[in-house]
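There are 2 protein chains.
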Amino acid sequence: MKQPVRLALLGCGTVGAEVVRLLHEQSADLAARIGAPLEIAGIAVRRIGRDRGELPIDPALFTTDALGLIKRDDVDVVVEVVGGIEPARSWLVEALRAGKSVVTANKALLAEDGGALHDAAAEGDGDLYYEASVAGAIPLLRPLRESLHGDRITRVTGIVNGTTNFILSAMHATGAGFAEALEEATELGYAEADPTADVEGFDAAAKAAILASLAFHTRVGAADVHREGITEVTAADVASAKAMGCTIKLLCIAARGTDGQGREAVSVRVHPAMIPLTHPLASVGDAFNAVFVEADAAGQLMFYGRGAGGAPTASAVLGDVVAVARNRLAGVRSASESAYAALPVRPMGEALTRYHISLDVADRPGVLEAVAGVFARHDVSIATVRQGPADGGKGDAVLVIVTHVAPDAALAATVGELRGLDIVRSVASVLRVEGGL
Amino acid sequence: MKQPVRLALLGCGTVGAEVVRLLHEQSADLAARIGAPLEIAGIAVRRIGRDRGELPIDPALFTTDALGLIKRDDVDVVVEVVGGIEPARSWLVEALRAGKSVVTANKALLAEDGGALHDAAAEGDGDLYYEASVAGAIPLLRPLRESLHGDRITRVTGIVNGTTNFILSAMHATGAGFAEALEEATELGYAEADPTADVEGFDAAAKAAILASLAFHTRVGAADVHREGITEVTAADVASAKAMGCTIKLLCIAARGTDGQGREAVSVRVHPAMIPLTHPLASVGDAFNAVFVEADAAGQLMFYGRGAGGAPTASAVLGDVVAVARNRLAGVRSASESAYAALPVRPMGEALTRYHISLDVADRPGVLEAVAGVFARHDVSIATVRQGPADGGKGDAVLVIVTHVAPDAALAATVGELRGLDIVRSVASVLRVEGGL
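For the record, the sequence lines run as chains A and B.
The first sequence begins at 1 in full-length UniProt numbering and counts up one residue at a time.
The second sequence begins at 1 in full-length UniProt numbering and counts up one residue at a time.
Misleading hints may appear alongside valid ones.
Which copy? The list can't say, so a pair holds if one copy fits it or any two copies do.
[What the hints assert, rightly or not] In silico SDA-like pairs for lysine to any residue, Cα to Cα no more than 25 Å straight-line:
#1 K242 with D119
#2 K71 with A362
#3 K242 with L277
#4 K2 with L343
#5 K242 with T278
#6 K2 with A339
#7 K2 with H118
#8 K2 with S338
#9 K71 with V45
#10 K2 with E112
#11 K2 with A376
#12 K242 with G388
#13 K2 with H217
#14 K2 with A341
#15 K2 with D286
#16 K2 with T174
#17 K2 with G84
#18 K2 with A342
#19 K2 with R72
#20 K2 with G124
#21 K2 with A330
#22 K2 with D119
#23 K2 with R333
#24 K71 with V402
#25 K71 with S429
To be clear, the hints were calculated from the coordinates, so they are not data collected in a lab.
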């Protein structure tokens, strides 16, 4: 058995504590799989005295000097589970430049400035692994960055945020509105006290950027991702979706396509969308995550599992630790960032989407013609239309229209013009539609 | 750009032709991902003149001298898509010993004598990759052999044979019997002219051995796998399952447990089983594959996709080719076989299973007591029991019993004794139950 591989752990919250626990419990197996034991050289925390329960670790290993720990010669691998942009970025850049291998779960940092980390990894000739940053324990990034490298990925569609999936699942199951479902999620611990990052889609957008970068061999950052949260999804929207045999999910979508000049490009977006109940993603309930991948030769693939939580995230972190530790022992480095394609990212207006639009209209001759005329003027083709009496009565009617695929800007402009029509009393619901229908 | 990485392709059937096509179509992307172009040095086939449609390849590359091709100094990577034990084994052992990297889709060979290949790979210090051997395009082996190496896998449950899944899905949907559903599968091209390997579970058993080996760091061969096919699944069995809110799937199950002496052991088996319709595997229809993995920290994971077909299999082969080509350029080798745990494989009799048993019994006092007594004598605990009038009348009754988990031998002995009871007119259906109920 060789000399130990020594880890610096940055952060010891829920995930960090679980990493410590698993390193202890699985130490014999991990050593056998790596060919050398793993040892914790130190754990950087903000406050040393904090109660962390019973951790199987020497308390002398805790330090508040993260940078000092990182720079130590006897540290081989730096594991970061602190989160946030700074000081995590400075720490990891420092570690990578110094030739350490880095394992991180920090999706926000990777989406904000992954380039800086990849560049530092190339400079120090070390490994940068981040399986835990997207979809927790689901082995997803490795398949994208390795297994599917003989194929051409055309589209990635994912449910990558457990909080919003729990809320939307509850709204679908009970008919509750957003506020009520959020309250339940908070009570049950599925939503944080400040749920902004989840419900406004920031968390999903960071993951979308990471997935798109890997799938399309292109650097995609959080700023490239069109983002809409779920705060404006209403009980009426959910009811509309149900009436269509659908449910509403917050989807992250990264798709290959062409720009206005016919050149290859990608679009990356996060927004709520209706998907048919028969779609594999529709049955992903509660706080589970799933990612649906479409590739030219492989066809349709789906990866499903727990997207968050201490143990599942720690499982992904440790899988990466085993890989980078093995590489260090072999004196090698895994494939570095693959961003050779450098495809342009299209603005949302050019993304091809479909809309489901529910209108309250006056019930009189010529209404359908006028409405249809608006769609035609924006070159938007209608797939299905259904007219019925309005619930409220008053001589109004409800018009439910599902379009074919069109540029998002044309669909948005169509809705804008419909809002201005005299005969349209109100636009009751507008939702994008994904996954067939 | 570096010197080309040169491939010897053994076999040019459906998968081989697709590999040739993708190598041609994706050549620029593959070269960018690898850092060097891929070139085909030669293609070994049985008959050179055969019509292979329009392949984008110089016909002079075809040869009938596989061994000569493998031994050529300008061949770096050997890709085997011939199948079968011999001559594939001799060819691959020769290639690996000579230091070539090998990519194979040959599940039968890996399950029969994977050890010989792994040993040869260690001898030649080359890579042995076989992602395409299980579940076609689904990136599954790499997650098992890398991503989950920081975790402890407790169970793998998979639908890994598309033909039988198509047949059982059809039986569930239409109520057809096995023979009728097989005929349909054959007509539609989902079953081969001789369907034995599929319907008798040989194909699934080979895959089960490969999955168990990776999941439990233990050499498991086809001979270690308990195997039952689906030829004896009747329309009545399917109806029984439906009545329980279940469906029948041919499952491969690899589970960690303890042997009679309380030592850690594994059991590996392939057989039809009832699973609840709410289980994620229940909705895997037609010829799709899916594998459900349970691990201590990661929790439940599922991988889903196309398990067979030229393009999906070729996608998996090429993903492996990219990986081994990169390794060759870097002068490194991936982690070798991990079989350090060397857990014993339990016989089927010791595997813990649950049975669903449907009995036609005489409808008179004391029957339930007598039947329950048989279960008690074999120390089998009954979970649910339902008694109702038999369809056929004649004063008989139907007794449907679902057991708790017990050793398979005890359950089998229970059924054996029930068959001998006077009051039991017939044992109408016996099925194992998996995935809760």
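What hints, given by number in increasing order, does this structure fail?
1, 2, 10, 11, 15, 16, 17, 24 and 25
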